[in-house]
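If you want the building blocks of each chain, they are given just below.
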Amino acid sequence: MGSLFLPGDSWLHRLPGGLKLGLLAMLGGALMWVHDWRLLMLALAVVSTLLWQTGLSVAMLWSRVRGLFWLLLALMLYTLVVQSAEHAIALGLRVTTLLLAALVVSVSTSISQLMTVVLWLLQPLERLGWVDTQRVALAFGLTLRLIPELSLQWHDIREAQAARGLSANPLTMAVPMLLRTIRRAQEIAEAIDARG
Amino acid sequence: MSVKTKDIALVALFTAMVVVLGLIPPMPVPWVPVPITLQTFGVMLAGLILGPYRAGLVVALYVLIALVGLPVLPGGRAGLAVLAGPTGGFLLGMIPGAIVVGLAAGASTLRCLVAALLGGVAVVYALGIPWLMVVTGMTFSKAALAVVVFLPGDTIKAVIASIVAQRIRRLNLV
Amino acid sequence: MLIEFKNVSVERDGRSVLRRVHLSLTQRRIGVLGPNGSGKSTFIRLLNGLLLPQEGQVLVQGLDTRKEVSRIRSKIGFVFQNPDNQIVFPVVSEDIDFGLKRREPNPKVRADLARQALEQVGVPHLAERLVHTLSGGERQLVALAAVLAVQPEILVFDEPTTQLDLSLRNRFEQLLQGLPQPAIVVSHDLELLRGMERVLVLRDGLVVLDAPPNDAIAWYVEHCA
Numbered sequence: 022m023g024s025l026f027l028p029g030d031s032w033l034h035r036l037p038g039g040l041k042l043g044l045l046a047m048l049g050g051a052l053m054w055v056h057d058w059r060l061l062m063l064a065l066a067v068v069s070t071l072l073w074q075t076g077l078s079v080a081m082l083w084s085r086v087r088g089l090f091w092l093l094l095a096l097m098l099y100t101l102v103v104q105s106a107e108h109a110i111a112l113g114l115r116v117t118t119l120l121l122a123a124l125v126v127s128v129s130t131s132i133s134q135l136m137t138v139v140l141w142l143l144q145p146l147e148r149l150g151w152v153d154t155q156r157v158a159l160a161f162g163l164t165l166r167l168i169p170e171l172s173l174q175w176h177d178i179r180e181a182q183a184a185r186g187l188s189a190n191p192l193t194m195a196v197p198m199l200l201r202t203i204r205r206a207q208e209i210a211e212a213i214d215a216r217g
Numbered sequence: 061m062s063v064k065t066k067d068i069a070l071v072a073l074f075t076a077m078v079v080v081l082g083l084i085p086p087m088p089v090p091w092v093p094v095p096i097t098l099q100t101f102g103v104m105l106a107g108l109i110l111g112p113y114r115a116g117l118v119v120a121l122y123v124l125i126a127l128v129g130l131p132v133l134p135g136g137r138a139g140l141a142v143l144a145g146p147t148g149g150f151l152l153g154m155i156p157g158a159i160v161v162g163l164a165a166g167a168s169t170l171r172c173l174v175a176a177l178l179g180g181v182a183v184v185y186a187l188g189i190p191w192l193m194v195v196t197g198m199t200f201s202k203a204a205l206a207v208v209v210f211l212p213g214d215t216i217k218a219v220i221a222s223i224v225a226q227r228i229r230r231l232n233l234v
Numbered sequence: 134m135l136i137e138f139k140n141v142s143v144e145r146d147g148r149s150v151l152r153r154v155h156l157s158l159t160q161r162r163i164g165v166l167g168p169n170g171s172g173k174s175t176f177i178r179l180l181n182g183l184l185l186p187q188e189g190q191v192l193v194q195g196l197d198t199r200k201e202v203s204r205i206r207s208k209i210g211f212v213f214q215n216p217d218n219q220i221v222f223p224v225v226s227e228d229i230d231f232g233l234k235r236r237e238p239n240p241k242v243r244a245d246l247a248r249q250a251l252e253q254v255g256v257p258h259l260a261e262r263l264v265h266t267l268s269g270g271e272r273q274l275v276a277l278a279a280v281l282a283v284q285p286e287i288l289v290f291d292e293p294t295t296q297l298d299l300s301l302r303n304r305f306e307q308l309l310q311g312l313p314q315p316a317i318v319v320s321h322d323l324e325l326l327r328g329m330e331r332v333l334v335l336r337d338g339l340v341v342l343d344a345p346p347n348d349a350i351a352w353y354v355e356h357c358a
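Chains as they are written, first to last, in our numbering: chain W, 22 to 217; chain S, 61 to 234; chain F, 134 to 358.
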């Protein structure tokens, strides 16, 4: 499972993560109020240039936005039918600009940099005593560690049930999967506690 | 409320579960207009089994992992792009959604079903539709119409989630 | 090392799982043997306070597991049977680093300690690997490295060779011989237990025999096989 991040040395890569996220948020807010397709085209052009500057090739871009593309197309068609062509085009431009702008940040900022920003944002909560950043980092790492394992478990249970002649049925699979998951949590917690 | 190590482990496991369920390709289901993804199914289960606080943490962690750039959302999507896009509200809406599921859940399957529908559907749509409207510029009726097609699938998920969760809740393991 | 069990009994769900355990552990290599359900897992979990006795006390170098659990846990390195539950981060080096964070604030020093531990178990090349791509045996060794990295004073192993193939099992046996710390090993692996100084045999929650390995194994084979 690869991430969106593309290692590189562009000026965008060197900007601090927090700054990029802040600018993205401002852009998102601003674009909500823009409906003129010409302004939107300009915004799109600027963002596309930035994206090109990160070193992303067209193929790499496509692999990152593929899922979103079809969704956007469906939305545009829907808007075309129920509203108008102008609305559909404005929608397409606005959403694409936002998507690409977000991608600029994701591509030029590594996971650990983004995590640092997140943990920094959580600091006031930590001072209030609501959040323990060490535990957030632990929960994060633990989740990533477990994703491939749970995926395997899902396949194991599916295989075992298929061998008994049962087709993939969420009702019969969910209960054993959940029981195993809960038991595993107890064992993992024990191992973490033992580390002291 | 003290968070014990066991809670961290449960939250991480359930978050991983939501990821795995969400990455299973959309399944066509008879009588349902669109293929369904299991992402909300996972969120409903988390809410019904772990209770409001831990389920809220599960979905918050899920959103965090997606935001940081890992392709854990259905279709292998990720990142701020989704949040910036039309479905961002549905994603963020799952956080209060999971909490509501946890708060409304009870011992009977029916109570769990109501909880799953309230949190997993009503709350999520309540946040998702306005977001959709703002990002795309649609009116309420158009936006609502666009998502009503997902309701039958979501209802089925709520039914199955409540049946499964009730069996697990009965065992009093968590 | 000195670990004392003073009239210890443990109950779970109203059932007695361990009774009248009263002994001192001082030897460098101690084995624990017994059929399933004999109380072995309970016994070792008393050592670092993962379980607390209903009656009696467990003292680790004078520290009571009821009162000083964190200090005890920083002295005891516990290696669980299933490495998948023990390794919590996706990349090997991250997991070892996590275990060291509380004891060592300097990241560079932690990285060195991690590397040394991986070398000690013979798998330095796995440092940047994703854990889920490793074989079961490799994971076992990585879990051991993570425990060794924090340089515990006492080691406890729960069924360390059950999941290992023959060559890895032999490698583990050699490693165990070379480790400087005293070790308590729960195992079904009779050959491994022959290398111990002392073996406790448990059955039905009681320590039925406390003897040198050959005697203990012979008794076990005769009465519990």
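Among the clues, some could well be false.
Stated by the list, open to error - Listed below are the simulated BS3-like cross-link pairs for lysine-lysine, each with C-alpha atoms no more than 27 angstroms apart in a straight line:
hint: 1; chain 1: F; residue 1: K234; chain 2: F; residue 2: K139
hint: 2; chain 1: F; residue 1: K200; chain 2: S; residue 2: K66
hint: 3; chain 1: F; residue 1: K200; chain 2: S; residue 2: K202
hint: 4; chain 1: S; residue 1: K66; chain 2: F; residue 2: K241
hint: 5; chain 1: S; residue 1: K202; chain 2: F; residue 2: K208
hint: 6; chain 1: F; residue 1: K208; chain 2: S; residue 2: K64
To be verified - Here are some of the chain F residues that sit facing chain W, going by a computed Cβ distance under 7 angstroms:
hint: 7; residue: P186
hint: 8; residue: V221
hint: 9; residue: S226
hint: 10; residue: G232
hint: 11; residue: S300
hint: 12; residue: L339
hint: 13; residue: H356
hint: 14; residue: C357
Just so you know, these hints were derived from the structure itself, not from any lab. Virtual Cβ for every residue (Gly too), placed ideally from N, Cα, C.
Status of the hint placing S226 of chain F at chain W (closest C-beta pair under 7 angstroms): violated, 12 angstroms
For the restraint on H356 of chain F, tell me whether the closest CB of chain W is nearer than 7 angstroms. violated, 31 angstroms
Do the alpha carbons of K208 of chain F and K64 of chain S lie within 27 angstroms of each other, as the hint requires? holds, 22 angstroms
Supplied contact hint for G232 of chain F, tested at 7 angstroms Cβ to chain W: holds, 5 angstroms
Tell me if L339 of chain F is really an interface residue toward chain W, meaning its C-beta lies closer than 7 angstroms to one of theirs. With Cβ-Cβ at 24 angstroms, over 7 angstroms, it is violated.
Given the hint that K66 of chain S pairs with K241 of chain F, does the C-alpha gap stay at or below 27 angstroms? This hinted pair is violated, its Cα atoms lying about 30 angstroms apart.
Restraint satisfaction for C357 of chain F [CB to CB of chain W, less than 7 angstroms]: violated, 26 angstroms
Taking 7 angstroms as the limit, does the beta-carbon of S300 of chain F come near enough to a beta-carbon in chain W? With a closest approach of 25 angstroms, the S300 of chain F hint is violated.
So if I understand the rule, the pair passes when the alpha-carbon distance is 27 angstroms or less; does K200 of chain F with K66 of chain S pass? holds, 21 angstroms
With a cut-off of 7 angstroms, does the beta carbon of P186 of chain F approach a beta carbon of chain W closely enough for the hint to hold? violated, 17 angstroms
So if I understand the rule, the pair passes when the alpha-carbon distance is 27 angstroms or less; does K200 of chain F with K202 of chain S pass? Violated. K200 of chain F to K202 of chain S sits at ~64 angstroms, over the 27 angstroms cutoff.
Take a quick look at whether K202 of chain S and K208 of chain F sit within 27 angstroms of each other, Cα to Cα. violated, 64 angstroms
Consistency with the previously given hints fails for numbers 1, 3, 4, 5, 7, 9, 11, 12, 13 and 14, ordered from lowest to highest.
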